[in-house]
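Construct the complete structure from the given sequences, taking the supplied hints into account.
Chains as they are written, first to last, in the numbering used here: chain A, 216 to 429; chain B, 216 to 429; chain C, 216 to 429.
Any given hint could turn out to be false.
Computed list of lysine-lysine pairs in DSS-like fashion (alpha-carbon distance at most 27 Å, straight line) [unchecked claim]: (1) K265(A) - K401(C); (2) K347(C) - K427(C); (3) K363(C) - K268(A); (4) K419(C) - K280(A); (5) K280(C) - K427(B); (6) K229(B) - K427(A); (7) K427(C) - K229(C); (8) K361(B) - K280(C); (9) K317(B) - K395(A); (10) K427(C) - K272(A); (11) K235(C) - K268(C); (12) K265(C) - K390(B); (13) K409(C) - K265(A); (14) K272(A) - K409(C); (15) K235(B) - K422(B); (16) K317(A) - K390(C); (17) K419(B) - K265(C); (18) K280(A) - K409(C); (19) K317(C) - K401(C); (20) K427(A) - K280(B); (21) K395(B) - K390(C); (22) K325(B) - K401(C); (23) K235(B) - K266(B); (24) K265(B) - K401(A); (25) K317(A) - K339(C); (26) K419(B) - K229(C); (27) K268(B) - K409(A); (28) K266(A) - K409(C); (29) K395(A) - K390(C); (30) K280(B) - K419(A); (31) K325(B) - K395(C); (32) K419(C) - K229(A); (33) K390(B) - K395(C); (34) K419(A) - K268(B); (35) K422(C) - K268(A); (36) K361(C) - K280(A); (37) K339(B) - K317(C); (38) K390(C) - K265(A); (39) K325(B) - K390(A); (40) K229(A) - K427(C).
No wet-lab data here; the hints were simulated from the structure.
Letter by letter, the chains look like this.
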Amino acid sequence: MNNFLNMLTPKEPKFFPILKELADVILVASDLMVEFMKTNDHESAIEYYKKIKEQEKRGDALSHKIFDELNLTFITPFDREDIHLLATRLDDVTDRINSCAKRIVLYNPKSMPQGALELAMTLKEAAVAIDKAVDELNVLRKSSKKIKQYCVELHDLEHQADDIYEHFLINLFEKEDDVKELIRHKEIMSELEKATDVAELVGKIIKTIIVKYA
Amino acid sequence: MNNFLNMLTPKEPKFFPILKELADVILVASDLMVEFMKTNDHESAIEYYKKIKEQEKRGDALSHKIFDELNLTFITPFDREDIHLLATRLDDVTDRINSCAKRIVLYNPKSMPQGALELAMTLKEAAVAIDKAVDELNVLRKSSKKIKQYCVELHDLEHQADDIYEHFLINLFEKEDDVKELIRHKEIMSELEKATDVAELVGKIIKTIIVKYA
Amino acid sequence: MNNFLNMLTPKEPKFFPILKELADVILVASDLMVEFMKTNDHESAIEYYKKIKEQEKRGDALSHKIFDELNLTFITPFDREDIHLLATRLDDVTDRINSCAKRIVLYNPKSMPQGALELAMTLKEAAVAIDKAVDELNVLRKSSKKIKQYCVELHDLEHQADDIYEHFLINLFEKEDDVKELIRHKEIMSELEKATDVAELVGKIIKTIIVKYA
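Encoded structure:
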């Protein structure tokens with residue numbers, strides 16, 4: 216009946232520490248992104264991109280590890296699918312952060328987009344909520360109420376990110392007359408906004424898991 | 216053998232009315248979009264966006280309802296997956312319409328893109344075909360021929376939408392020299408074109424369902 | 216235990232020849248794309264697009280055929296899913312190539328983007344690796360080492376494509392002052408880059424299949 220929970224408990228502990236580490240990768244990467252947004256020269260940009268890229272590689276390695284474990288462990292397809300999807304989405308958040316960092320280096324904008332720091336800070340808050348929610352997964356029956364609260368937070372943060380992004384976009388098309396700079400800013404911010412979208416998706420998956428197993 | 220059909224018939228009627236209402240949401244939203252495309256001031260734009268946004272929320276609520284019912288109902292994973300996918304794609308059509316409406320408000324173009332009304336009208340025709348196809352799902356054995364015809368229609372309408380979009384794009388890059396306005400128009404129209412793509416996807420899912428269950 | 220292999224062997228040979236032909240479609244389409252990139256007039260562009268479009272239709276027909284066979288054949292959902300996913304991704308590569316060709320015709324750039332030929336050649340190398348890997352699938356136990364090598368190649372080629380695309384993008388935003396032309400080039404190249412991404416995805420799916428069945 217409750218294989219999912221078993222897999223996260225001491226008897227079958229291998230998935231839980233990996234999921235926690237995947238959440239930690241997001242935390243570190245979003246922290247770096249906040250600092251990144253405060254810089255304004257190409258050299259720093261390259262430095263921050265390198266550091267975020269390291270986290271992306273760390274996330275990739277963890278994903279591969281979890282997929283290998285899933286293939287080796289005898290569990291129901293149902294549970295397998297849930298863990299697979301959760302790990303994939305966690306990794307997606309880091310991928311989006313990395314992709315945003317890469318775009319800053321490639322497009323090399325004259326300045327950071329307006330609202331970029333604010334958006335990165337919202338993403339960081341989402342990373343904290345994800346980390347806390349994943350941290351309770353191995354006691355999800357006991358913590359289901361708490362975890363649901365983190366999922367609500369992720370939903371609210373996504374709305375907040377939407378507001379910031381929309382405000383940025385309206386302002387950009389009204390004020391920015393250098394169209395090349397306009398495109399640069401749009402490409403950078405849209406990727407960061409997608410990172411907050413995927414963070415909310417993580418919340419939705421965790422909510423589904425609670426409905427099924429708690 | 217035929218759980219899917221059972222679920223849509225009187226004994227298990229809960230999914231069918233929700234699917235029908237999801238189709239109705241698309242119908243209302245695409246109707247609004249046609250009217251929206253005839254306007255040309257920011258105040259009306261905000262009004263139409265609000266109305267379409269309401270439909271998007273209605274669609275979201277219906278999706279959540281169907282997912283909750285799916286989790287509570289004992290059905291085979293096979294059937295579960297088909298209903299889940301159909302509901303998801305129906306909701307995607309509304310999401311794309313909503314996203315297009317939002318872009319008109321955010322980008323605030325000087326005029327509506329050329330071909331926008333025509334594209335919205337094609338989408339509305341697709342919405343009518345979806346509505347009719349979903350309406351026959353609970354008698355799919357009897358109506359399989361009819362339903363297939365609606366799926367063919369959805370395929371043809373998607374091709375028609377492609378033609379409109381391509382013509383728009385060629386014209387846009389040839390004639391529009393205000394690059395900010397060019398970007399605005401491209402962003403708005405590409406979202407509307409994606410709505411017709413997803414409408415065709417709905418047709419493909421329904422066709423698969425017929426092959427399996429009719 | 217090993218239905219997947221059975222399906223590809225003489226007793227159940229229907230899927231294997233279709234998969235091989237799907238790989239051949241990619242080969243032909245990427246060949247055409249390399250030649251396409253050497254041209255520089257609208258008439259040739261239309262001609263090459265037509266030829267690539269034919270391959271896309273051929274791929275579509277093959278996909279439909281494989282999905283129909285899957286629905287008619289009694290196999291485990293597990294195997295069904297793997298074949299379905301592999302066929303879908305193979306077809307996706309062709310779709311991306313076709314979409315890139317279409318964009319060249321629609322956007323009608325003044326010149327081909329810098330790096331376009333190089334990127335197309337990288338894609339063609341990936342097509343060759345895919346073709347070779349698929350060719351060994353029916354003897355995957357014997358050839359697992361060889362197949363893994365092709366998957367490594369696909370991974371490396373994707374990195375090479377990334378480098379080309381990034382170099383193109385940096386250069387584009389530095390040098391191209393005609394913003395309409397900048398957008399045209401960006402739209403064309405991003406689609407070609409996505410084709411190499413999907414080619415790598417094919418490699419990942421094949422690798423998963425080897426882990427499961429070899």
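Checked hints:
1. For the given pair, K265(A) sits about 24 Å from K401(C) by alpha-carbon distance, which is consistent with the 27 Å threshold.
2. Taking the CA atoms of K347(C) and K427(C), the gap is about 20 Å. The hint holds against a cut of 27 Å.
3. Distance check on the hinted pair: K363(C) and K268(A) sit about 26 Å apart at the alpha-carbon level, within 27 Å; holds.
4. With a C-alpha separation of about 14 Å, the suggested pair K419(C) and K280(A) falls inside the 27 Å cut-off, and the hint holds.
5. At roughly 15 Å between alpha-carbon atoms, K280(C) and K427(B) fall within 27 Å of each other, so this suggested pair holds.
6. Proposed proximity of K229(B) and K427(A) is supported: the alpha carbons are some 20 Å apart, at most 27 Å.
7. For the suggested pair K427(C) and K229(C), the alpha carbons sit about 21 Å apart, so the restraint of at most 27 Å is met.
8. With a C-alpha separation of about 23 Å, the suggested pairing of K361(B) with K280(C) holds against the 27 Å cut-off.
9. Pair hint K317(B) plus K395(A) holds up; C-alpha atoms about 24 Å apart against a cutoff of 27 Å.
10. A hinted pair counts as satisfied when its Cα atoms are at most 27 Å apart, and K427(C) with K272(A) qualifies at roughly 25 Å.
11. Straight-line distance between C-alpha atoms of K235(C) and K268(C) comes to about 19 Å, which keeps the hinted pair within the 27 Å bound.
12. Proximity of K265(C) to K390(B) is assessed by CA-CA distance (about 25 Å); at most 27 Å being required, the pair is judged to hold.
13. A hinted pair counts as satisfied when its Cα atoms are at most 27 Å apart, and K409(C) with K265(A) qualifies at roughly 23 Å.
14. Between K272(A) and K409(C) the alpha-carbon distance is near 20 Å, which keeps this suggested pair within the 27 Å criterion.
15. For the proposed pair K235(B) and K422(B), the alpha carbon gap of about 17 Å is at most 27 Å, so the pair holds.
16. The hinted pair formed by K317(A) and K390(C) meets the criterion: a straight-line CA distance of about 19 Å does not exceed 27 Å.
17. Note on K419(B) and K265(C): the hinted pairing holds, with a Cα-Cα distance of about 25 Å set against a maximum of 27 Å.
18. With a CA separation close to 26 Å, the supplied pair K280(A) and K409(C) stays within the 27 Å bound.
19. With a C-alpha separation of about 14 Å, the suggested pair K317(C) and K401(C) falls inside the 27 Å cut-off, and the hint holds.
20. Distance check on the hinted pair: K427(A) and K280(B) sit about 15 Å apart at the alpha-carbon level, within 27 Å; holds.
21. Between the alpha carbons of K395(B) and K390(C) the distance comes to roughly 19 Å, so the proposed pair stays at or under 27 Å and holds.
22. Taking the CA atoms of K325(B) and K401(C), the gap is about 25 Å. The hint holds against a cut of 27 Å.
23. A C-alpha spacing of about 20 Å is found between K235(B) and K266(B), which places the hinted pair at or below 27 Å, so the restraint holds.
24. Taken as a hint, the K265(B) and K401(A) pair is honoured in the structure, with Cα atoms around 24 Å apart against an allowance of 27 Å.
25. With a CA separation close to 26 Å, the supplied pair K317(A) and K339(C) stays within the 27 Å bound.
26. A C-alpha spacing of about 23 Å is found between K419(B) and K229(C), which places the hinted pair at or below 27 Å, so the restraint holds.
27. Taken as a hint, the K268(B) and K409(A) pair is honoured in the structure, with Cα atoms around 20 Å apart against an allowance of 27 Å.
28. Pair hint K266(A) plus K409(C) holds up; C-alpha atoms about 25 Å apart against a cutoff of 27 Å.
29. With a CA separation close to 11 Å, the supplied pair K395(A) and K390(C) stays within the 27 Å bound.
30. With a C-alpha separation of about 14 Å, the suggested pair K280(B) and K419(A) falls inside the 27 Å cut-off, and the hint holds.
31. Between K325(B) and K395(C), the direct Cα distance comes to roughly 18 Å. Compliance with the 27 Å bound is thereby established for this hinted pair.
32. Distance check on the hinted pair: K419(C) and K229(A) sit about 23 Å apart at the alpha-carbon level, within 27 Å; holds.
33. Proposed proximity of K390(B) and K395(C) is supported: the alpha carbons are some 11 Å apart, at most 27 Å.
34. This hinted pair checks out: K419(A) and K268(B) have alpha carbons roughly 21 Å apart, not beyond 27 Å.
35. Annotation: proposed proximity of K422(C) to K268(A) holds, straight-line Cα distance about 24 Å (limit 27 Å).
36. Restraint check for K361(C) and K280(A): the C-alpha separation of about 23 Å stays at or below 27 Å, so the hint holds.
37. Our distance criterion of 27 Å between C-alpha atoms is met by K339(B) and K317(C), whose separation comes to about 26 Å.
38. Using a Cα cut-off of 27 Å, the hinted pair K390(C) and K265(A) holds, with the two alpha carbons roughly 25 Å apart.
39. Taking the CA atoms of K325(B) and K390(A), the gap is about 15 Å. The hint holds against a cut of 27 Å.
40. With a CA separation close to 20 Å, the supplied pair K229(A) and K427(C) stays within the 27 Å bound.
Going through the hint list in order, the structure satisfies each hint without exception.
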